[in-house]
Amino acid sequence: MKNSIDDIIIKLLFDRDETALEKIQTEYGQLIKYIAFNLFKNSDVAEECLNDTLLDIWNSIPPNKPVSVSSYAAMLARRRAIDRLRKEHAEKRIYPGNSVYPDVYGELADMDDLSETVIEGIELSRQINLFLGGLSGTNREIFISRYFDFEELDSISKRLRISKNSVNTRLFRMKNAFKKQLTEGGYRDE
Amino acid sequence: MSDRNRFIDLMGDIDPELLREHIEYKKRPSFIRMLPSAVSAAAVILAAVIAIPFFISRPDSSYPPDSSDQVTTAVEPVERLVLYSELSGVPAYDEDYTLPADGEVRIGGELEAALASDVAPDAAYALVLRVGSSEYLNNISNPILAEKANKIMSINEEEIAVFKEKFMAEAAAHLRIITEADFEYRKNIGNGGSVREGINKINEKYDEIIKSHMLGEISNDELNKAMQAKYDELSALTENYLTAHKEFQAQYFSHLEKLDLVYLQYINSLKDGLASAYGEYNSDIYQILDKYFGGDNIYGLWASSREYQQYWAALENRENGIAVEADPESLVRSWLEEYDQTLTKKMRNIIDWKVFSVDTNGMVTKHLSDSGIDYSLLAVKTVSEENIVTNDTDCVIAIMTKEQIETFNAPETVGVELDLAPFDWQDEDSDGIVYSLQRK
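For the protein sequence lines, the chains are A and B, in the order given.
Sequential numbering of the first sequence, starting at 1, is according to the numbering used here.
Sequential numbering of the second sequence, starting at 1001, is according to the numbering used here.
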C-alpha cells in the first residue's frame, strides 16, 4: 500500500503536480513535524520545518527518485531541523528549551575520538549502516529513535515497555559495540 | 565539526530501507511490533488472532507515539505460556554477556528440553528467559542461594506454623472478648441503650410530680426538692454511664491492642525470619510487609465478615433467651482459619518473592523441584538490563505480557512452548512488568 502511495507521489512530483505535496503532507506530515518537534519543542517551528521539507522535496525530486518517500522526507526534515538548530545555537548560544538535542549531543561525547583515525564520511556512514543492520530489532529501534528521531528516553522506554535504565544501558552498549566494530575494522585505534 | 556532530549528521544518512522499517514500525499497532523475524507468517497470524482479545480495545499507535498507547494490559491467567530464550546472543552486548551455545545451556530438565525444540510462539503471554554467562548457568545450584532459599522456605513451613497456632488461639480469645464488649456497650450504653431508658424513666417519674404541682397537689418546696432529686438521679446515671463507657473503652482498647500485638507478633515472626535469612533487616522486607499487610486491621476485617454478623445475632438471641443456633466459638474459629489462610497465602507470596529475589542484585531464582515440573530455575523479576549489567547478576527471567514480549524480544529469539498450567499469575509491580508466579 505504502509503496503504491510512494509511487504515486513520485510520479506526481516528476509530473510537477503540486498535489504531490498535499499527499506527502497527508501521509508523512506528522512524521516530518515529529522530528522537528523533538528538536525544538515548538509546534510553530515544527510547522515551518514541514514547509521547508516540502520545498526541499519539491526541489530535489526530480532528479532524485527515492525508494521510500517516508525515509527521504524524514531525512530531509531531520537535516533541516538540525541545521536550523545549529544556526540558532550559534547565534544565541542556547538551545531551545526542552530540546532533546543537547542531551543527545552530550551522550555522544564518547564518539569524539572517531577522528583519531582517518575515516571518510562515506565509509563511516557505511559502518553505521552495517552496525545498525546487525542490531536486534529492539536495539535498532532504540538506537534510531534516539539518534535519528531524537526521541526522549522516557518516551522510548514507555513505547517499548522497557525501563529507562534499560534504554540507557542498551544505548551505552551499542555505542561501545559500534566503536569496537570500528576498531576491529581497523578504522580506529584501541 | 566535532566527531559527534559528524556522527549525528551521518545518522541522518542511514540506509533508507532501515529507516523505512523504523518508520513503519512506529506506525504499527503495538501488538505487531517486534515480533521475532524468524517467526513464520502463520505463527504471526496465529499469535495475532490469539492476542486480539487482549488488544482489541487498544488504539493503533500513530507516529508520533500516542500516550494512550502506553497502557499495560492487565495480566490474566493463562494455562500455556511460551518460553523464549535469547540463545544466539545479542550482537550489541559485551562479550561478557555472550551466551553459550544452545547445548551448553544447563537449566535443567524439561526446561532444557523445551529450549532444544523450536516451536513458534503462539500464546498471548510468554515467559522470557534471559541468560547470562555460562558461569552463572553452571552455578544455578549455587549453594549460597540454595541455602538462603531453603532457609526462608523452612521458616515458611515450620516457624510460621508455630506462630500460626499461637496467633489463632490468642486472636480468637481477643476477638470474642472485644465483640461481646462491643455488643454490651451498644446494648447498654452506645446509642443511648439502657442509659436512654434510665433517663426516660427518671423523666416520666418526675413528670408526674410536675403535673401534681400544676394541679396544686404539692407545694413549691416539694417541687424544688423533687427537682433536686431528679438532678441527683440524672447525675448518678451520667456518672454510671461515664464509668461504664470508660470501662468499656479500657476493655475494648486493651483487647484491641492485645489483638494487634498478637497480629504484629505474627507478622514480626515472618519479618524476623526474613531478616534472619537475609542476615539483616533491609528495606525490602519492610516494603513487602507494608505492601501485603500495611492496610490490614484484623478487627475491622472480622467486623465486616459474615461470621461476625452471625455471632452478633447469636449474642442477641442469647440475650433474649432464644436458643443460640450458631456456636459463637466456632464462628470465630472458622473466620480466623479463613483469615489465616489469606495471611498464609500472603506470606507465601512474600516468601516466594524473596526466594525469587535472594540475590542482592535483584537476580531471581527459585527451585521448584516439588512442583512436579523439575525446573532448576524458574523465576519472576523485572526485565531490566541493569540487572544484567550491574554487579554480578547474570540471569533474569521474567514473565511478561505478550505486548511486552513483542516489544522486548530480539529477532534472534527462539520460542518454545512450556506448559505452566500448575501455576497461577499473581500481581504486577508498579512498573507493570514484574509478576509472580504461584503454584495453584
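Think of the hints as simulated: they come from the structure by calculation, not from any bench.
What you are looking at is a predicted structure, and each value in this text was computed from that prediction instead of being measured.
For every residue, glycine included, the Cβ atom is placed at its ideal position computed from N, Cα and C.
Worth double-checking, as some hints may not be accurate.
Which bits of chain B does chain A cover? Going by a derived footprint, with three or more residues having C-beta under 8 Å, they are [unchecked claim]:
no. : region
1   : 1166-1173
2   : 1251-1265
Every beta carbon over 10 Å from chain B, so not counted as near; a handful from chain A, in silico [unchecked claim]:
no. : residue
3   : 61
4   : 68
5   : 96
6   : 98
7   : 109
8   : 133
Using C-beta positions, here's what the derived DEER-type ranges look like [what the hints assert, rightly or not]:
no. : chain 1 : residue 1 : chain 2 : residue 2 : range
9   : B       : 1341      : A       : 164       : 17 to 27 Å
10  : A       : 59        : B       : 1015      : 38 to 48 Å
11  : B       : 1334      : A       : 154       : 46 to 56 Å
12  : B       : 1017      : A       : 180       : 19 to 29 Å
**Message:** Tell me if the beta carbons of residue 1017 of chain B and residue 180 of chain A are separated by a distance inside 19 to 29 Å.
**Reply:** About 24 Å separates the Cβ atoms of residue 1017 of chain B and residue 180 of chain A, which means 19 to 29 Å holds.
**Message:** Beyond 10 Å on every Cβ pair: is that true for residue 61 of chain A relative to chain B?
**Reply:** Non-interface label on residue 61 of chain A holds, nearest chain B Cβ at 13 Å vs cutoff 10 Å.
**Prompt:** Cβ-Cβ distance between residue 1334 of chain B and residue 154 of chain A: within 46 to 56 Å?
**Reply:** Since residue 1334 of chain B and residue 154 of chain A have Cβ atoms about 51 Å apart, the given range 46 to 56 Å holds.
**Asked** When you look at the beta carbon of residue 133 of chain A, is every beta carbon of chain B farther off than 10 Å?
**Response** 7 Å, violated
**Message:** Please check whether the region 1251-1265 of chain B has three or more residues whose CB lies within less than 8 Å of a CB on chain A.
**Reply:** violated (count 0)
**Request:** Confirm or reject the statement that residue 68 of chain A sits farther than 10 Å, beta carbon to beta carbon, from all of chain B.
**Result:** 4 Å, violated
**Message:** At 10 Å, judged by beta carbons, does residue 109 of chain A keep clear of chain B as stated?
**Reply:** 7 Å, violated
**Prompt:** With d taken as the least Cβ-Cβ distance between residue 96 of chain A and chain B, does d exceed 10 Å?
**Reply:** With a cut-off of 10 Å, residue 96 of chain A remains clear of chain B, as the shortest Cβ separation is near 16 Å.
**Message:** Quick check: do three or more residues in the region 1166-1173 of chain B have a beta carbon closer than 8 Å to a beta carbon of chain A?
**Reply:** violated (count 0)
**Request:** May I ask you to check that residue 98 of chain A keeps its beta-carbon over 10 Å from the closest beta-carbon of chain B?
**Result:** At roughly 15 Å from the nearest Cβ of chain B, residue 98 of chain A sits farther out than 10 Å, so the non-interface label holds.
**Prompt:** Does 38 to 48 Å hold as the CB distance between residue 59 of chain A and residue 1015 of chain B, or does it fail?
**Reply:** 23 Å, violated
**Request:** Look at the Cβ atoms of residue 1341 of chain B and residue 164 of chain A and judge whether their distance stays inside 17 to 27 Å.
**Result:** Since residue 1341 of chain B and residue 164 of chain A have Cβ atoms about 39 Å apart, the given range 17 to 27 Å is violated.
The structure does not agree with the numbered hints 1, 2, 4, 7, 8, 9, 10 stated previously, though it agrees with the rest.
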